[in-house]
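Use the sequences and the hints to build the structure in full.
Listed below, chain by chain, are the residues.
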Amino acid sequence: MSISFIVNGSTVSVDTDPDTPLLWVLRDTLGLTGTKYGCGIAACGSCTVHVDGAAVRTCVLPVSAVADRDVRTIEGLSADGTHPVQQAWRDLDVPQCGYCQSGMIMAASALIAESPDPSDEEIDRVMTNICRCGTYPRVRAAIHRAVRGDA
Amino acid sequence: MNASTATRRAVLKSGVAALVLGFAVPATLRHAAAASGGELGAWLEITSDGKVRIAQPQSEMGQGIWTSMAQLVAEELEVDWQDVEIFSPIAGEAFNHPFYGFQTTAESFSIRAFWEPARQVGAKAREMLKRAAAERWGVYPGGLRARSGTIVNPLTGQSLAYADLVSEAAKYPAPESVQLKRPDQWRIIGRSVARDDTPVKLDGSAVYGTDVRVDGMLTAVPVFPPSFTGTVRSIDDAAARAIPGVRHIVSLETVVYVVADAFWPASRGAAALSVDWDLGDAADLSTASIRQRLRDAVAEGRGKPVEAIGDVDAATSGAARVVDVTLEAPYLAHATMEPMNTTAHYTPDKLTIWSPTQAQGLMGFVAGAVGLDGSQVECHTTFLGGGLGRRFEIDLPIHAARVSKEVGAPVQVMWTREDDTRGGFYRPAAAARLRAAIDAGGTVTGFDGAMACPSILARAVPDLAKGEIDHTSVDGVAEGTSPAGVPFHRQYDFGDASRVVYAMENTAIPVGFWRSVAHSQNAWFMEGFVNEIARETNQDPIALRMKLMKSDRNRTVLQRLVERAGWGAPAPGHHQGIAIHEAFGTVLGNVFEIAVDGNAIRLVKVTSVADVGHAVHPDTIEAQMVSGAITGITAAVWGEVTMQNGRVDQGNFDTYRMLTLAETPDFDIEILQLGGPVGGIGEPGTPPVAPALVQAVQNATGKTIRTLPLTASGFDLA
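If you're matching them up, the sequences are chains A and B in order. Residue numbers for the first sequence follow the numbering used here, so the first one is 1 and each next one is one higher. Residue numbers for the second sequence follow the numbering used here, so the first one is 152 and each next one is one higher.
If you're looking for bench data, these hints aren't it; they were derived computationally from the structure. Honestly, I wouldn't trust all of these hints.
Stated by the list, open to error - What the simulated footprint calls covered on chain A by chain B, stretch by stretch (three residues with Cβ under 8 angstroms from a Cβ of chain B suffice, anywhere in the stretch; the number is not a length): (1) 14-22; (2) 32-46; (3) 57-71; (4) 81-90; (5) 135-143.
Claimed, not checked - Distance ranges between label pairs, derived from CB positions: (6) Gly431/B to Met1/A: 43 to 51 angstroms; (7) Thr498/B to Met1/A: 32 to 40 angstroms; (8) Glu714/B to Ser10/A: 35 to 43 angstroms; (9) Pro18/A to Ser385/B: 29 to 37 angstroms; (10) Ser115/A to Asp447/B: 51 to 59 angstroms; (11) Val365/B to Arg125/A: 49 to 57 angstroms; (12) Ser13/A to Asp200/B: 39 to 47 angstroms; (13) Arg125/A to Pro769/B: 28 to 36 angstroms.
Just so you know, these numbers come straight off a predicted model, no measurement behind them. C-beta atoms are modelled at their ideal positions from N, C-alpha and C, and glycine is treated no differently.
Now the structure itself:
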């Protein structure tokens, strides 16, 4: 069955079982491997993308749920790595192994789109992505930096 | 993990020779090299537009060596950092680890092992380039200077870019050895340059093992037996094969792979596969029974002697008091964020592997598993989404090679999170009974230790487990040398009488190298023991350690930690705990400051001080100190793999919990550079966490805690 949706500004049409999680359609059907598999139970957030601007975990989201919707992956967050979150992440060298960071960046960028200057409490509440390397202190600092600039 | 002494001597020789050979461009390649701008062997390539491509052969798993290894080469080569391009080379003998003799990333041993050799690579190349300029100008090379990718004659002002010299330079034999720059001359080493791998980790373009895509590639997902000794009796694959996209079912006796067009159909096929297993001897194995066995072993003091000095029994019987502490630690899983995977393509002439591996140099064994030899393997190393020691194992490369051979196509083996958590190679469960004989003045006059755990080396490198002694089981507690010739070390001097025995209690549960290996449990044992000596003898835990430490270096780190952390003066209502440990050439200590409300712990602050000798890239060191601590916190609070009736209880992050941002304390990090041999930093941040945190909890609650994780004693994070 054919399902159409927008990915990073372009319309795509995929012919796949509608129950296939969006994560695997992105990675294997569309070749967008920036979105990662970490757990498969929406616990870790490595699979986070934006659907109509909101952060969504795609490992448990059937592709049928994004029919005709606007999906943005890490590859499409900016044309050249210049989203304020990406800039702040670069300035503070946030990533270590980096595997969780696509999801972390998508979650952080959705957060600041909705809440332009999040408090630490709000960051605690919203940023539940798991990072095994422990980049958390820099993630917090980089979110503040993305919003407030070189503070 | 170390090679035996004899092997190591031969290996160091060939390791150095390989670096030298790395410069000699074979005659047949010189023309091609000249055309491309010139290549100075496997480590370096200088392009015609002046880009300096530096090979980085160690596995980048977050520790930042991707950047800092290249800093070593670039410093001596005298190039501008902005002209450097770092690449991951195909595995080869030119990249043999100087200590182990084969290409591998393990034991926090990249910078400290390549400290001399990598700088020699840059220095030798620099001298060869000077020689080429000298010949071009007809002058003595000793008067020439190298700076920013050019050779300059200061007397005439003439200069030539490396790109113009490299094809001539590549013809020369490399000089035997070259004087290296003094620390005051360093322009790149010691600078926290922007991490070279950061940009690709921000936009989804970094390629991890799971991202490898090869034409015609199929994906294979495993079905494991519910027992570590399970073997296939029969397979009913009708339902699995009915899933669209499923192509093959491949039995490897102890695991069955469902091979499909992509991960999703393969995983659905795996869920639909029915296997009749012979469960084998471990069908009713439980961790409870293993833990009891370890407890019994140390209570009885059985095992092989690993340390025996003086008369401990006399010291004990003559002592004013004996401090007697039994401590335990559980099995731990690695839980790297990127689950286990490897891609392999078998053909009758060649095996190509793409893997987030820590053991490139062991791929010869993988070749052997499919009837090829080591010279027929081409191994590509991707970025690792975490390694933590798990990716040193070559089980997945072997599975991928065998499945590829069976199905006649490239295959990416991909395990689910559950497969990974239940797949074994855990940090061993362990127990230790440590006793100190104390005289009336509070001085330790004797040390009697009994240790018990399964041995990693008995499976991984049996030659190093000779005499049933595994140095990775006792390092950090005992002082001595194993029958295989590997030294182990304790930072404390317990007087003229000491004895440690070790009971190797192997089971069917595969155990492996976890972040900081022995030290992950042995720092818990030793620091917990020392804290208990202080408590029972009413001695200040700092003063006691200062007395016991063998080395002024350790005392210096401890003193700085005490000052920086405001030890002894926590904020009102808070409590502190302290621990310090020496491992992988580094001395690192932590102070934990916490608040406790009933059984709920709030982690307020961690102060961490480490001496690493010299810091190549201080920012990556800071990041790894935080990283190691967070691994340690996660393990100390919740970490435990349990098994009943042969089946592991844990599976995913819902049952094997990971620390979140909200639970993370503030960190205050200080890096000391006391100028001694360079120490590693990938692992040392983890060992001192459990004892420091537990001491803080004990101070806060008055409870006695002798086992991990903290949840086993009813505690949790707030």
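Here is how each hint holds up against the structure:
| no. | hint | verdict |
| --- | --- | --- |
| 1 | 14-22 | holds (count 3) |
| 2 | 32-46 | holds (count 13) |
| 3 | 57-71 | violated (count 0) |
| 4 | 81-90 | holds (count 4) |
| 5 | 135-143 | holds (count 6) |
| 6 | Gly431/B to Met1/A: 43 to 51 angstroms | holds, 44 angstroms |
| 7 | Thr498/B to Met1/A: 32 to 40 angstroms | holds, 38 angstroms |
| 8 | Glu714/B to Ser10/A: 35 to 43 angstroms | violated, 58 angstroms |
| 9 | Pro18/A to Ser385/B: 29 to 37 angstroms | holds, 34 angstroms |
| 10 | Ser115/A to Asp447/B: 51 to 59 angstroms | holds, 56 angstroms |
| 11 | Val365/B to Arg125/A: 49 to 57 angstroms | violated, 42 angstroms |
| 12 | Ser13/A to Asp200/B: 39 to 47 angstroms | holds, 43 angstroms |
| 13 | Arg125/A to Pro769/B: 28 to 36 angstroms | holds, 33 angstroms |
Hints 3, 8, 11 from the list above are not met by this structure, while the remaining hints are.
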